[in-house]
Amino acid sequence: MLDAVKVTSKTLVASPERLQEADQDSVIVKQVQAGDVAAFDRLILKYRERLYGVIYHMTSNREDASDLTQDAFIKAFQAINRFQGQSSFFTWLYRIAINATLSHLRKNRFKSFLSLDTVNSEEPVSQELISALTDKTGADRDAFVHELQEKLNEAMQKLSIKHRTVITLFEIDGLSHQEIADVMDCSVGTVRSRLHYAKQLLQAEMKAYIS
Amino acid sequence: MNQDRKNKVTIEGLMRFKRLEQPTPEFWRSFDTELRTKQLAAIVGKRPWWASLAAPFTFVRRHPAILGTAAALLVTLVSYHYLPRATNFGHNHVMQEGVISGVADSAQLNTHSITQVSDGSHAPTEVAKVSYKPTVASSDVQDSRFKSSGFRTEFSEIDSPAARSIAVSLAAAQATHPEMISQLMGLRSRIVTVNTPEYATEPLEHVTSPSEERRARLLAASLPTVKRADDRMGNVGIERTVNNLSEDRLYQSIRRYDVGGQKISMTVKF
Numbered sequence: 001m002l003d004a005v006k007v008t009s010k011t012l013v014a015s016p017e018r019l020q021e022a023d024q025d026s027v028i029v030k031q032v033q034a035g036d037v038a039a040f041d042r043l044i045l046k047y048r049e050r051l052y053g054v055i056y057h058m059t060s061n062r063e064d065a066s067d068l069t070q071d072a073f074i075k076a077f078q079a080i081n082r083f084q085g086q087s088s089f090f091t092w093l094y095r096i097a098i099n100a101t102l103s104h105l106r107k108n109r110f111k112s113f114l115s116l117d118t119v120n121s122e123e124p125v126s127q128e129l130i131s132a133l134t135d136k137t138g139a140d141r142d143a144f145v146h147e148l149q150e151k152l153n154e155a156m157q158k159l160s161i162k163h164r165t166v167i168t169l170f171e172i173d174g175l176s177h178q179e180i181a182d183v184m185d186c187s188v189g190t191v192r193s194r195l196h197y198a199k200q201l202l203q204a205e206m207k208a209y210i211s
Numbered sequence: 212m213n214q215d216r217k218n219k220v221t222i223e224g225l226m227r228f229k230r231l232e233q234p235t236p237e238f239w240r241s242f243d244t245e246l247r248t249k250q251l252a253a254i255v256g257k258r259p260w261w262a263s264l265a266a267p268f269t270f271v272r273r274h275p276a277i278l279g280t281a282a283a284l285l286v287t288l289v290s291y292h293y294l295p296r297a298t299n300f301g302h303n304h305v306m307q308e309g310v311i312s313g314v315a316d317s318a319q320l321n322t323h324s325i326t327q328v329s330d331g332s333h334a335p336t337e338v339a340k341v342s343y344k345p346t347v348a349s350s351d352v353q354d355s356r357f358k359s360s361g362f363r364t365e366f367s368e369i370d371s372p373a374a375r376s377i378a379v380s381l382a383a384a385q386a387t388h389p390e391m392i393s394q395l396m397g398l399r400s401r402i403v404t405v406n407t408p409e410y411a412t413e414p415l416e417h418v419t420s421p422s423e424e425r426r427a428r429l430l431a432a433s434l435p436t437v438k439r440a441d442d443r444m445g446n447v448g449i450e451r452t453v454n455n456l457s458e459d460r461l462y463q464s465i466r467r468y469d470v471g472g473q474k475i476s477m478t479v480k481f
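These protein sequences, in sequence, are chains A and B.
Under the numbering used here, the very last position in the first sequence is 211; numbers go up by exactly one each time.
Under the numbering used here, the very last position in the second sequence is 481; numbers go up by exactly one each time.
Pulled out of the complex, with its shape left as it was, chain A reads as follows:
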């Protein structure tokens, strides 16, 4: 079970905010390693939404995403005494979650089904996009949002697991190429290549909405 925990000696090339976060995390991690189990709750509260978001967009299934997120936190909790701080806690936790998700996706490659969260259509981004696509309002608008959400998730599921991971981490979670390379244990060039290819595939799938 703990084989998914792979710690590398690479360090992230991160922004100052990310470095500050990493320092705060390392303090909390040391407290947990010293026996303060309750300190781990702060790490859970800090990263649960981001971690869940990444896993959800990779699986397109909210129940699976919930279970995998919880498992990732449990694995991190069990293995935190082996965490030596060679990478940031954020990267380490992401690696645990991504490895567990990849393993889950490989196991259930042929039996995936969608179980989607609701889209917050009141957000300005959502309104702008919907108004760009259609002039419909009211019930028709909600139906269109639902349809678009399903099309997007289906297009994501048509991508290979690695391409889906890269585009999720870059476009949705906002990680840099270097951070993705560290999390996925590959080169930056590979990340860029996969990202380019994934975008091409998504464009082909969503061309009805793009042009």
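One thing to keep in mind: the hints can contain errors.
Claimed, not checked - Straight-line C-alpha distance at most 30 Å; calculated DSS-like pairs for lysine-lysine:
(1) A:Lys-30 <-> A:Lys-75
(2) A:Lys-207 <-> B:Lys-219
(3) B:Lys-249 <-> A:Lys-151
(4) A:Lys-107 <-> B:Lys-249
(5) B:Lys-219 <-> A:Lys-158
(6) A:Lys-30 <-> B:Lys-249
(7) A:Lys-199 <-> B:Lys-219
(8) B:Lys-219 <-> A:Lys-46
(9) A:Lys-151 <-> B:Lys-219
(10) A:Lys-162 <-> B:Lys-219
(11) B:Lys-249 <-> A:Lys-75
(12) A:Lys-111 <-> B:Lys-219
Claimed, not checked - Quick look at which bits of chain B chain A covers, simulated, 3 or more residues with Cβ under 8 Å:
(13) 226-232
(14) 246-254
Unchecked claim - Per label pair, the in silico range of CB-to-CB distance:
(15) A:Cys-186 <-> B:Val-255: 15 to 25 Å
(16) A:Phe-113 <-> B:Thr-235: 14 to 24 Å
(17) B:His-292 <-> A:Ala-79: 36 to 46 Å
(18) A:Pro-16 <-> B:Val-255: 32 to 42 Å
(19) A:Val-125 <-> B:Ser-241: 39 to 49 Å
(20) B:Ile-277 <-> A:Gln-86: 16 to 26 Å
(21) B:Ile-277 <-> A:Glu-150: 52 to 62 Å
Hint data in this document are derived by calculation from the structure and do not stem from the laboratory.
These figures come from a predicted structure and were not determined experimentally.
Even for Gly, the Cβ is constructed at its ideal location relative to N, Cα and C.
Guided by the hints, dock chain B onto chain A, whose structure is given.
Chain B alone, transformed into the frame defined by chain A:
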């Protein structure tokens, strides 16, 4: 108008839209409860039996260089311990093959000498006697050495298609001509019993002409071990003789002492 608006939509915009898929606050409440339960279970839960076995290897897994060095050292020690034995085994095996082939060669040589001598005097000589016994002993040597080395020789089990066809033909012939086959089988059993004794004796072996005795005596002088060949219990000497008796040496001895048959001449140089 709508077409112009659609052109503004990009993949990045769609991904931003997808980012808005978020769970409800109720979801997070149940998530926290489940996670707390799992965390407590992980704390108090019994670890699997293999986890305690894997624990000592955690240090090694962190430092693979130590594992590699230990493996290399182990391989070196094992090879150092077993390689000389394997080399000796191979050497012995080669030696055995050499001895056996040497015995076989000498047996061929001796058979040749039997026919050669028999043409001349119709009686086996001492050389012939010497040469015959190792032929029996060679199989004994071969079997005993192969058995002692744990080998199963191909000679111990003859199960070829030819043997099977012979057996079938024999059975058919026995069905048609039982008397003749029983006689033949009796002959075969007699042959077998003839081969069974350790020292086979030939009737003509006891008959030696004076010239052959003289020749054997001279050869015994040149090859001291040949003299012991007459001794039936001198099995070791016979073996050594056969092993050492090469064709070249035999003919060289004959040429040196000019043992051509009836006369003996010796040249002494000062």
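A quick look at each hint next to the structure:
no.	hint	verdict
1	A:Lys-30 <-> A:Lys-75	holds (17 Å)
2	A:Lys-207 <-> B:Lys-219	holds (12 Å)
3	B:Lys-249 <-> A:Lys-151	violated (34 Å)
4	A:Lys-107 <-> B:Lys-249	holds (22 Å)
5	B:Lys-219 <-> A:Lys-158	holds (24 Å)
6	A:Lys-30 <-> B:Lys-249	holds (22 Å)
7	A:Lys-199 <-> B:Lys-219	holds (16 Å)
8	B:Lys-219 <-> A:Lys-46	violated (35 Å)
9	A:Lys-151 <-> B:Lys-219	holds (18 Å)
10	A:Lys-162 <-> B:Lys-219	holds (28 Å)
11	B:Lys-249 <-> A:Lys-75	holds (10 Å)
12	A:Lys-111 <-> B:Lys-219	violated (35 Å)
13	226-232	holds (count 7)
14	246-254	holds (count 5)
15	A:Cys-186 <-> B:Val-255: 15 to 25 Å	violated (38 Å)
16	A:Phe-113 <-> B:Thr-235: 14 to 24 Å	holds (20 Å)
17	B:His-292 <-> A:Ala-79: 36 to 46 Å	holds (40 Å)
18	A:Pro-16 <-> B:Val-255: 32 to 42 Å	holds (41 Å)
19	A:Val-125 <-> B:Ser-241: 39 to 49 Å	violated (27 Å)
20	B:Ile-277 <-> A:Gln-86: 16 to 26 Å	holds (18 Å)
21	B:Ile-277 <-> A:Glu-150: 52 to 62 Å	holds (53 Å)
Figure legend: structure checked against the earlier numbered hints; hints not met, in rising order: 3, 8, 12, 15, 19.
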